[in-house]
Amino acid sequence: MLSKVITGSVLTLLSCSLLSAAPYNAQAKKDRAAMIKYMEAKFKNPKTAAKFFPYTPKNELEHNFIWGFPFQEFGLGDAGYVKSVRAQFDNFMMLPPFYNAVDNGEALYHKKFANGNSFATCFPNPAITNLYPKFDDKTNRVVTLSEAVNNCLIKNSESPWKMTGMKMAYLESYLASKTTAAGKKFDIKIQSAAAAKAYRRGKIEFYSQRGYLDLSCATCHVLGAGKRTKADYHSPLLGMIAGFPVYRLKWGHVGTLEKRLVGCNKNQGEVPHKPNSKWMGDLEYFMAYMSNGIKVNAPSVRK
Amino acid sequence: MKNLFNISLALVVGFSLFGCAKLYKPSNQSESPYVSVMKLHVRDACNVQKNGVNKVLTLAQKYNPIDIKEGIEFMRFGVPTSEYIRATKQAIKDGSKTVQVYTRKGKKGGKFTVAFAAWRSCAFAVAALQQKVEAKSTWKLAMPGTGFKY
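From first to last, the protein sequence lines stand for chains H and S.
Here the working numbering is used: position 68 in the first sequence is 1197, and no number is missing along the way.
Here the working numbering is used: position 108 in the second sequence is 555, and no number is missing along the way.
The hints are simulated quantities; they were obtained by calculation from the structure and are not laboratory data.
For every residue, glycine included, the Cβ atom is placed at its ideal position computed from N, Cα and C.
There's no promise every hint is true.
[What the hints assert, rightly or not] Covered, in the sense of this in silico footprint (three residues per stretch, anywhere, with C-beta under 8 Å from a C-beta of chain H), are these stretches of chain S:
| # | stretch |
| --- | --- |
| 1 | 517–530 |
| 2 | 556–566 |
| 3 | 586–597 |
[To be verified] Pair by pair, the computed Cβ-Cβ distance ranges are:
| # | chain 1 | residue 1 | chain 2 | residue 2 | range |
| --- | --- | --- | --- | --- | --- |
| 4 | H | Pro1289 | S | Tyr597 | 20 to 26 Å |
| 5 | S | Gly542 | H | Gln1217 | 52 to 58 Å |
| 6 | H | Trp1196 | S | Asn501 | 56 to 62 Å |
| 7 | S | Ser477 | H | Lys1318 | 42 to 48 Å |
| 8 | S | Leu588 | H | Tyr1184 | 16 to 22 Å |
Same shape as in the complex, but just chain H (with noise of 0.2 Å):
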């Protein structure tokens, strides 16, 4: 009787285990293609636009903005829909101002660890950055690409980077701009139970209101992408990372997705959370899975 109980148990659990295998990523693929219909939706046509941007002057509408653009210009940011940031960020790709970052890191790449190995050991193929941030089971945390940097030089006995610093920004420029020649898209993958929980936590992060202004991040990548605050306008959360590490004008130089995440949360009137914080990286890791599927374009240009 005791052993028909047990085998019946052992039975129950497995075919419980079964059933919670089911996609991990089954969440985060329906709120991805909500996001896609959204941001579609948003910029198909000027007819359509007007209950989007309901305080945007009709004929900046008609003549300033980019309709019905390929899925992939999302990953030009501001300058996918708006035709005088495009203008601008066209010129400046002429002669990009990133170029000299490109070789640093690619020098920055091939130096030798006191040990005699270097990034190169590490990271044989250069293009990768498609593939960040990633969740590793082991750590149960999700390992950014700045961290897996970090993790190279503290596994050959170096000193870790500051994530916002230049270096970090060099090497991941070259990193990117190999991305970027090999043509690779977004992938990133939830494959345990431990990631789902990491992108939901990131996705709730990103919508919930932070800071004395009381604003989300959602409010200017999500519902304010495409409006403008003063003169600039706001980015879509589709493809926001596919441009980092970027140039920006306002910093005159290249800088990481974990300095540019600093700077938000600084806007929007909190101290910041730490660059190697869990927190950052399940940010990063919901914002990367929802530009799945766009090509990996930097170093890049913002204001």
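Starting from the known structure of chain H, fit chain S onto it as the hints suggest.
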């Protein structure tokens, strides 16, 4: 069969004890700050004229450590809430009428009256936690496919 009965009995007793322990709440247990903060109205609770500087500052000191722990501390022009609290306490101790605050980088972040600095300390500390509690249900409203309709 006897073993099965023993196992079942042990499980029933175990679950009952666990359930009772979860249900039991000591009567002298203080209210969670996440609950108490939602009962406050910032304009009334942080009103310096009505409540006095010390009471308002006490309120700020109660909630700001939780804000820091949650990673939601407010900051305006580089000056975090904790700096407003520190500088206000210092001004009261020194008997000064004005409060000099500093940014996180150590630069001067502005000069305020004690009453204003106490108000801001309290308003920022309370509002940050209220925002966090509210966000638990409101985040979905901004998300296409979940609560945001267009």
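Each hint tested on the structure:
Counting residues of the stretch 517–530 of chain S whose C-beta lies closer than 8 Å to any C-beta of chain H gives 8; at least three are required, and the coverage claim holds. Against chain H, the stretch 556–566 of chain S contributes 0 residues with a C-beta closer than 8 Å to a partner C-beta. That does not satisfy the three-residue criterion, and the hint is violated. Judged by the Cβ-Cβ criterion of 8 Å, the stretch 586–597 of chain S is covered by chain H as claimed, because 9 of its residues qualify and three suffice. Distance hint check for Pro1289 of chain H and Tyr597 of chain S: the Cβ-Cβ separation is about 44 Å, which falls outside the suggested range of 20 to 26 Å.
At about 56 Å, the beta-carbon gap between Gly542 of chain S and Gln1217 of chain H stays in the expected band of 52 to 58 Å. A hinted range of 56 to 62 Å for the beta carbons of Trp1196 of chain H and Asn501 of chain S is consistent with their spacing of about 59 Å. Ser477 of chain S and Lys1318 of chain H have their C-beta atoms about 45 Å apart, which keeps the hinted 42 to 48 Å range intact. One distance hint, 16 to 22 Å for the beta-carbon pair Leu588 of chain S and Tyr1184 of chain H, holds here, with the actual separation near 20 Å.
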